[in-house]
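Asks: In case you want the letters, here they are:
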Amino acid sequence: MSTKLTEQVTFYTEEHEWVTVHGELGTVGITKFAAEQLGDVVFVETPEVGKVFKKGDDMAVVESVKAASDVYAPVSGEVVDANAVLADKPETVNEHPETEGWFCVIRLSHGEELSGLMDKDAYLEFCKGL
Amino acid sequence: MADDTHDDLKRTPLYDLHEKLGAKLVPFAGYEMPVQYPMGVMDEHKWTRTHAGLFDVSHMGPCFLSLEEGIGGGDEAHAKIAALVETLVPSDITGLKQGQARLTVLLNEEGGILDDLIITRPLGDEAQGSLYIVVNGAVKEQDWAIFEKALEGKAVLTRADDRILFALQGPEAVDVMSDFFPGCEELKFMHHMPFELNGTRCIVSRCGYTGEDGFEVLVSPAAGLPLIDEMLTDERVEMIGLGARDSLRLEAGLCLYGHDMDPSRDPIEADLGWVIQRKRREGGDFPGAARILASIQDGVAEKRVGIRPLERAPAREGTAIEIDGKVVGVVTSGGFGPTVDHPVAMGYVAVAHAAPGTKIDLMVRGKARPGEVVALPFVPHNYKR
Numbered sequence: 045m046s047t048k049l050t051e052q053v054t055f056y057t058e059e060h061e062w063v064t065v066h067g068e069l070g071t072v073g074i075t076k077f078a079a080e081q082l083g084d085v086v087f088v089e090t091p092e093v094g095k096v097f098k099k100g101d102d103m104a105v106v107e108s109v110k111a112a113s114d115v116y117a118p119v120s121g122e123v124v125d126a127n128a129v130l131a132d133k134p135e136t137v138n139e140h141p142e143t144e145g146w147f148c149v150i151r152l153s154h155g156e157e158l159s160g161l162m163d164k165d166a167y168l169e170f171c172k173g174l
Numbered sequence: 087m088a089d090d091t092h093d094d095l096k097r098t099p100l101y102d103l104h105e106k107l108g109a110k111l112v113p114f115a116g117y118e119m120p121v122q123y124p125m126g127v128m129d130e131h132k133w134t135r136t137h138a139g140l141f142d143v144s145h146m147g148p149c150f151l152s153l154e155e156g157i158g159g160g161d162e163a164h165a166k167i168a169a170l171v172e173t174l175v176p177s178d179i180t181g182l183k184q185g186q187a188r189l190t191v192l193l194n195e196e197g198g199i200l201d202d203l204i205i206t207r208p209l210g211d212e213a214q215g216s217l218y219i220v221v222n223g224a225v226k227e228q229d230w231a232i233f234e235k236a237l238e239g240k241a242v243l244t245r246a247d248d249r250i251l252f253a254l255q256g257p258e259a260v261d262v263m264s265d266f267f268p269g270c271e272e273l274k275f276m277h278h279m280p281f282e283l284n285g286t287r288c289i290v291s292r293c294g295y296t297g298e299d300g301f302e303v304l305v306s307p308a309a310g311l312p313l314i315d316e317m318l319t320d321e322r323v324e325m326i327g328l329g330a331r332d333s334l335r336l337e338a339g340l341c342l343y344g345h346d347m348d349p350s351r352d353p354i355e356a357d358l359g360w361v362i363q364r365k366r367r368e369g370g371d372f373p374g375a376a377r378i379l380a381s382i383q384d385g386v387a388e389k390r391v392g393i394r395p396l397e398r399a400p401a402r403e404g405t406a407i408e409i410d411g412k413v414v415g416v417v418t419s420g421g422f423g424p425t426v427d428h429p430v431a432m433g434y435v436a437v438a439h440a441a442p443g444t445k446i447d448l449m450v451r452g453k454a455r456p457g458e459v460v461a462l463p464f465v466p467h468n469y470k471r
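Sequence order for the protein chains is D and H.
Take the first sequence: its letter number 27 is residue 71 in our numbering, and every next letter is one higher.
Take the second sequence: its letter number 189 is residue 275 in our numbering, and every next letter is one higher.
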């Protein structure tokens, strides 16, 4: 993979997280598919700024009326920002899962991990098989 | 995600309807059941509180008990069948009036709760000596085996779980129901009457599991499928899934068997002492009476209470309840209450901390979140008394 990370590029995981990479930072959220599966989101626990995660760690929790679901870190790195809007308006995750409903921003520590993630087309194809 | 191997799961007569309506189906109590429809849990919940929600509860365990010698003996026959059932439950079944129903609990020898169930005395002298009973779907085989063993040679159990059992719940349910079952609007809460529908007999009961006014109907698939199709053409009626059923009953402070009560709890701990009428307390002749009467007399160590998380984070089942760093209880049901617009829960706490207003810590993912013990229900009941 030879993508130059000078522009924004979005990658996806099989656990339905997305990460939009801009420079050394990546904005993370859950996909439209995941938001639809969860149903009405009533609470989001975003990670604290300064926390360091390895790829695949439990990073955040998203709760619907019925159940709580873990959100995994799609890449390794340190949390540099978290979406404060979700505390009062968790429904933003349903309304705009892949834009305003972002969870946090991570400073990537292992950029090479991105090559193991899917691009949009591959992800949409993956969802079709579910 | 639920797995795709649903081969051993049963389907209710309404399965095709659920699929047609785009329900999300999940395994529940051995059946493939709709957890939600495209409307979603939040709106389905609110719809039921303001209009009329139709629930498929055919996975439950409706059955009939009848005296082996036959039915039709009037009060004397009722007294006989009631006495048999009273060996298993602590409620006054003998004292039921014709057409009246009662919530009760099935007890083990230690007074632990094996299930909660509704027992109905039929209307009409010709039907006396029989009882209509609805038990929980997840434990119906266990319950029916207990009934059959205890009543062998004296009464016969006929299961009716091949029929449709549906509930219509909400403030507009009575107006919808009276179009199809004229006269049912006269029923009071926890009473029933039989109806003829397309030549088959069905049972209409004024009860439910949402805290709202409403009805439950037992009907054959042949008569029930067209009935439900027609009900759904009424703009006041929407199909509602098990997800909203759970949040509705939790807001109403109603117990879910296997969560808010189980064989380790007696009815007094579960705050269901009201199901044991005075006559039965005085008689003391039900399973586990020694423990239960002692619980009434001396009090219990822990009891079921309502819990209000004071922040936005729900406290789910299994959440530890602490005061000053010491565990004083556990959440047994918890989620979000769409009508009250905040998280709601119930659980067991030590009686010293069971008074409404008691401040507690809810240990959600290792972090103490403030909560408070509150009186149940979260949403007032809207029953037709």
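None of these hints come from the bench; they were simulated from the model.
Errors might be hidden in some of the hints.
[Claimed, not checked] Quick list of simulated restraints, FRET-style, between CB atoms: (1) D:Asp125 - H:Gly404: 45 to 51 Å; (2) H:Ala438 - D:Gly94: 36 to 42 Å; (3) D:Gly173 - H:Asp102: 56 to 62 Å.
[Claimed, not checked] Computed far set for chain H versus chain D, every beta-carbon distance over 12 Å: (4) Lys106; (5) Gly126; (6) Gly181; (7) Lys183; (8) Leu209; (9) Phe266; (10) Thr319; (11) Ala330; (12) Leu336; (13) Gly374.
Source: prediction; values computed, not measured.
Built from N, CA and C at the ideal position, the CB exists for glycine as well.
Asks: Which hints from the list above does the structure break, by number from lowest to highest?
Replies: Violated hints: 1, 3, 5, 11, 12; rest satisfied.
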